[in-house]
Amino acid sequence: MLGWITRCRPGFSIIGLVLPLVCAFFDILMSSLWSSFFPPSSSPVQGGLNIVQRAFVLYIVIHIHMLDFPLRLGWSIFRATGKAKTALDRRIWHTPLSSPQTEIKSDVTVNEVIEEELVHAVIVPNYCEGIYTLETTLKVLASHPRAKSQYEIYLAMEQKEDSSSDKAGHLVTKFERSFLHICITFHPSGVKGEIAGTSSNVAFAARRIVEIHRTDLNEDSCNVVVTVMDADTHLSRDYFTEIRRLHLPTSTRQTDPSTAVPSSLVETPTKAPF
Numbered sequence: 000m001l002g003w004i005t006r007c008r009p010g011f012s013i014i015g016l017v018l019p020l021v022c023a024f025f026d027i028l029m030s031s032l033w034s035s036f037f038p039p040s041s042s043p044v045q046g047g048l049n050i051v052q053r054a055f056v057l058y059i060v061i062h063i064h065m066l067d068f069p070l071r072l073g074w075s076i077f078r079a080t081g082k083a084k085t086a087l088d089r090r091i092w093h094t095p096l097s098s099p100q101t102e103i104k105s106d107v108t109v110n111e112v113i114e115e116e117l118v119h120a121v122i123v124p125n126y127c128e129g130i131y132t133l134e135t136t137l138k139v140l141a142s143h144p145r146a147k148s149q150y151e152i153y154l155a156m157e158q159k160e161d162s163s164s165d166k167a168g169h170l171v172t173k174f175e176r177s178f179l180h181i182c183i184t185f186h187p188s189g190v191k192g193e194i195a196g197t198s199s200n201v202a203f204a205a206r207r208i209v210e211i212h213r214t215d216l217n218e219d220s221c222n223v224v225v226t227v228m229d230a231d232t233h234l235s236r237d238y239f240t241e242i243r244r245l246h247l248p249t250s251t252r253q254t255d256p257s258t259a260v261p262s263s264l265v266e267t268p269t270k271a272p273f
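Sequential numbering from 0 applies to the sequence shown in numbering that gives the first Met the number 0.
Because the hints were derived from the structure by calculation, they are not lab data.
Accuracy of the hints is not assured; some may be wrong.
[Claimed, not checked] Quick list of in silico lysine-lysine cross-link-like pairs, DSS-like style, CA-CA up to 27 Å: (1) K84 - K159; (2) K159 - K173; (3) K147 - K166; (4) K173 - K138; (5) K147 - K173; (6) K159 - K191; (7) K138 - K166.
[Unchecked claim] Cβ pair distances, simulated, as ranges: (8) I76 - L20: 29 to 35 Å; (9) K84 - M228: 22 to 28 Å; (10) I76 - I50: 39 to 45 Å; (11) M65 - R176: 52 to 58 Å; (12) L245 - L20: 52 to 58 Å; (13) K147 - T5: 53 to 59 Å; (14) R176 - L216: 36 to 42 Å; (15) T232 - R53: 49 to 55 Å; (16) F77 - E134: 15 to 21 Å.
All residues carry an ideal CB built from backbone N, CA and C; glycine is no exception.
Given these sequences and hints, build the entire structure.
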């Protein structure tokens, strides 16, 4: 029965449109048929729409509004696909690179290795996360072409978690050669106004980043972009490439052909203090 209703749904939609149409303009149809047999009366005709006709107009307006949603959705998907294709087209394929941790070969692009002075400080919070989840996330980051030269990894741990020290030591030993720097921070327990959790761990790791780069911050020469991600998030290398492109000054992007994009796609990012 349900399959039959599904197959006949287009026909039901047409019937559902014809019936309100006939009911709304029944008087007009009858007057046309009546006038073919009898002469029209001389009595004045009342103007305006009746209740049924107004309901039919509202019915049509609702259907037009419902049609607008898939049109806007299709246009948004088309624009998102175009922007993603533009980001991929900016890759100038160069030479293959193999990650020692993942044994996955990836293509290095000139666009991804020419700006080594930009450092990505990536905070990976951990609170009762499994070791396999953290290893998988770090393997994905280690497979990026710029991981060894530009990625600073900060594993934000909770001190009161029983297995945090063991997990930290295992991860540092396994991935210390995969990144520019890997650091473990332990949010202490008993801090006034703070509770154990992911947010507290992230805030503590962020303060640690500020301490490490304090000298460069005081000299106004710090070029670090902080990224906070979940422990089970797998970010593409193109994500960091786009951050780098948006972080560069406008003049640099205009003179660098590998990062040139149409002016309609250039956005002005909100820059952090470091």
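Now for the hints, and whether the structure bears them out:
1. Only pairs whose Cα atoms come within 27 Å are accepted, and K84 paired with K159 is rejected, the gap being roughly 45 Å.
2. For a cut-off of 27 Å, the pair hint linking K159 to K173 stands: about 23 Å separates their Cα positions.
3. Restraint check: the Cα-Cα separation between K147 and K166 comes to about 21 Å, which is no more than 27 Å; the hinted pair holds.
4. For a cut-off of 27 Å, the pair hint linking K173 to K138 stands: about 10 Å separates their Cα positions.
5. Taking the CA atoms of K147 and K173, the gap is near 14 Å; set against the 27 Å cutoff, the hint holds.
6. Using a Cα cut-off of 27 Å, the hinted pair K159 and K191 holds, with the two alpha carbons roughly 15 Å apart.
7. Proximity of K138 to K166 is assessed by CA-CA distance (about 15 Å); at most 27 Å being required, the pair is judged to hold.
8. Checked against the given bound of 29 to 35 Å, the beta carbons of I76 and L20, roughly 34 Å apart, stay inside it.
9. Roughly 25 Å separates the CB atoms of K84 and M228, a value that falls within the hinted 22 to 28 Å.
10. Range check, I76 to I50: about 40 Å between beta-carbon atoms, so the 39 to 45 Å window is met.
11. Our hint of 52 to 58 Å for M65 and R176 holds, since their Cβ atoms are close to 57 Å apart.
12. Hint check: L245 to L20, Cβ distance near 54 Å, so the stated range 52 to 58 Å holds.
13. Evaluation of the 53 to 59 Å hint for K147 and T5 yields a pass: the beta carbon distance comes to about 56 Å.
14. Checked against the given bound of 36 to 42 Å, the beta carbons of R176 and L216, roughly 28 Å apart, lie outside it.
15. In this structure the hint that T232 and R53 lie 49 to 55 Å apart at CB holds, the actual value being about 52 Å.
16. The hinted window of 15 to 21 Å between F77 and E134 is violated, with their beta carbons roughly 38 Å apart.
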